[in-house]
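Number of protein chains: 2
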Amino acid sequence: MSADWTMANEGPDTFSAFDVLGHLIHGEQTDWIPRAKIILDHGEAQAFEPFDRFAQFEKSKGKTIDQLLDEFQALRKQNLGILEQMSITPEKLKLRGTHPELGSVSLSQLLATWAAHDLGHIAQAVRVMCKQYSDAVGPWKQYLPILESKRAAG
Amino acid sequence: MSADWTMANEGPDTFSAFDVLGHLIHGEQTDWIPRAKIILDHGEAQAFEPFDRFAQFEKSKGKTIDQLLDEFQALRKQNLGILEQMSITPEKLKLRGTHPELGSVSLSQLLATWAAHDLGHIAQAVRVMCKQYSDAVGPWKQYLPILESKRAAG
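Chains as they are written, first to last, in our numbering: chain X, 1 to 154; chain S, 1 to 154.
Heads up, some of the hints might be wrong.
A pair holds if it fits inside one copy or across any two, identical chains being indistinguishable in the list.
Here are the simulated lysine-lysine pairs, DSS-like style, with alpha carbons at most 30 Å apart [claimed, not checked]:
#, residue 1, residue 2
1, Lys141, Lys77
2, Lys92, Lys59
3, Lys37, Lys141
4, Lys61, Lys77
5, Lys61, Lys92
6, Lys94, Lys141
7, Lys94, Lys63
8, Lys141, Lys59
9, Lys141, Lys92
10, Lys77, Lys59
11, Lys59, Lys94
12, Lys63, Lys92
13, Lys94, Lys61
In short, the hints are calculated from the structure, not lab data.
Let the sequences and hints guide you as you build the complete structure.
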C-alpha cells in the first residue's frame, strides 16, 4: 500500500488509516485486555487507567504501515489467546469495573466495545482510503455519496 | 457469521452486509469488466447497459452469507485475471466510453470507480455491522459516534 494512500486523513484532527492502525495497537496494549484483567481481579474497586486516544501520533512515528499491520496482528492474536484463557462465562460477563469517566461498566460492555470500536475504526479507515478516489472517479462521484461524507460519521 | 448480524440494515431502503455483498457480486458480473470490454471494443459508440442497483434483492434470495462470500471471491479472482489480460497501458486508460446517464467517461475513471465503489460499500457493511453493538456497549456509546451516524454517510 502506498504511503500517500494510508497517510491521507479527512482534515485537521482526523485519523488516517495509518493513525487508525496505531490507535488500535494502543488499544490492544493498554485498553481491552488490561481492563478485562482489572475487572476480573479487582472488580469496581480499582478504576481503569484513562485511555490515551492520541498516543499513536507519537508511538507510530517512523514506522511503516506494514510494520503496524504486523504489530497489530501479533498483539491481537496474543490478546485473543489471553481472552480464551480467561474462560469468560455468562456469570463473568456480568462482573463490573469502574471506568474513569463513565463509572460502572460490565465486562460484557467492555468486550462489546472492543468489537464495536474495532469495526467503527475499520469503517473509518476504509472510508478515508475511499475518499482518495474522489477526483479519479470523474463524473461517477455523484453516485458515491461516501466521497462527500463528513468525518462526523465516525 | 450470524444471520442476525449480516442481515441487519440501517432502516428502510438501506443495505445490510448481506445486501452489500450481493450488490458487489452483481457489479462483478454486469458492471466493471463488461463495461471495460465495451470501452476497449467499441469506445464511445456503444453505451453501457444501465446497472441495476437493486438486483441483489432478488438474486441473493435463499443464499447464505458464506455462499455469497465464496461467489464474490471467485468472481473477483476471475475478473482480476481478465483485467490483467487486458494489459491496460496509460494510453488505454485514456480511452472513453458512454455511460447511459453520465455520458462520456474514461477507462481510468471506470477502474477508479470499481475500487472506490468497493471501498465505499465495505465501509458501509462494516458500519452496519458495528451498529448492531449499539446497546451492548452500554455507556461507551457516547464515545462511538459511528453508532449514531446516518446512512447518508455512504
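Quick rundown of the hints versus the structure:
For a Cα distance limit of 30 Å, the shortest separation of lysine 141 from lysine 77 across copies, 26 Å, qualifies, whereas the shortest one inside one copy, 39 Å, does not. For the homomeric pair lysine 92 and lysine 59, neither the shortest alpha-carbon distance inside one copy (33 Å) nor that between copies (43 Å) is at most 30 Å. Within a single copy, lysine 37 and lysine 141 get their C-alpha atoms only as close as 47 Å, which misses the 30 Å cut-off; across copies the closest is 22 Å, which meets it. Taking the shortest alpha-carbon separations for lysine 61 and lysine 77, only the intra-copy value of 23 Å comes in at or below 30 Å, while the best inter-copy value is 36 Å.
Neither within a single protomer nor between protomers do lysine 61 and lysine 92 lie at most 30 Å apart by alpha-carbon distance, with minima of 38 Å and 39 Å respectively. Proximity of lysine 94 and lysine 141 under a CA criterion of 30 Å is satisfied inter-copy only: 18 Å between copies versus 47 Å inside one chain copy. Neither within a single protomer nor between protomers do lysine 94 and lysine 63 lie at most 30 Å apart by alpha-carbon distance, with minima of 39 Å and 36 Å respectively. Within a single copy, lysine 141 and lysine 59 get their C-alpha atoms only as close as 36 Å, which misses the 30 Å cut-off; across copies the closest is 26 Å, which meets it.
In the homo-oligomer, the alpha carbons of lysine 141 and lysine 92 lie at most 30 Å apart only across protomers (21 Å), although the nearest pairing inside one protomer, at 49 Å, exceeds that limit. Only within a single protomer do lysine 77 and lysine 59 lie at most 30 Å apart by alpha-carbon distance; the minimum there is 20 Å, versus 37 Å between protomers. Neither within a single protomer nor between protomers do lysine 59 and lysine 94 lie at most 30 Å apart by alpha-carbon distance, with minima of 34 Å and 42 Å respectively. Within a single copy, lysine 63 and lysine 92 get their C-alpha atoms no closer than 38 Å, and across copies no closer than 36 Å, so neither meets the 30 Å cut-off.
Proximity of lysine 94 and lysine 61 under a CA criterion of 30 Å is satisfied in neither setting, with 39 Å inside one chain copy and 38 Å between copies.
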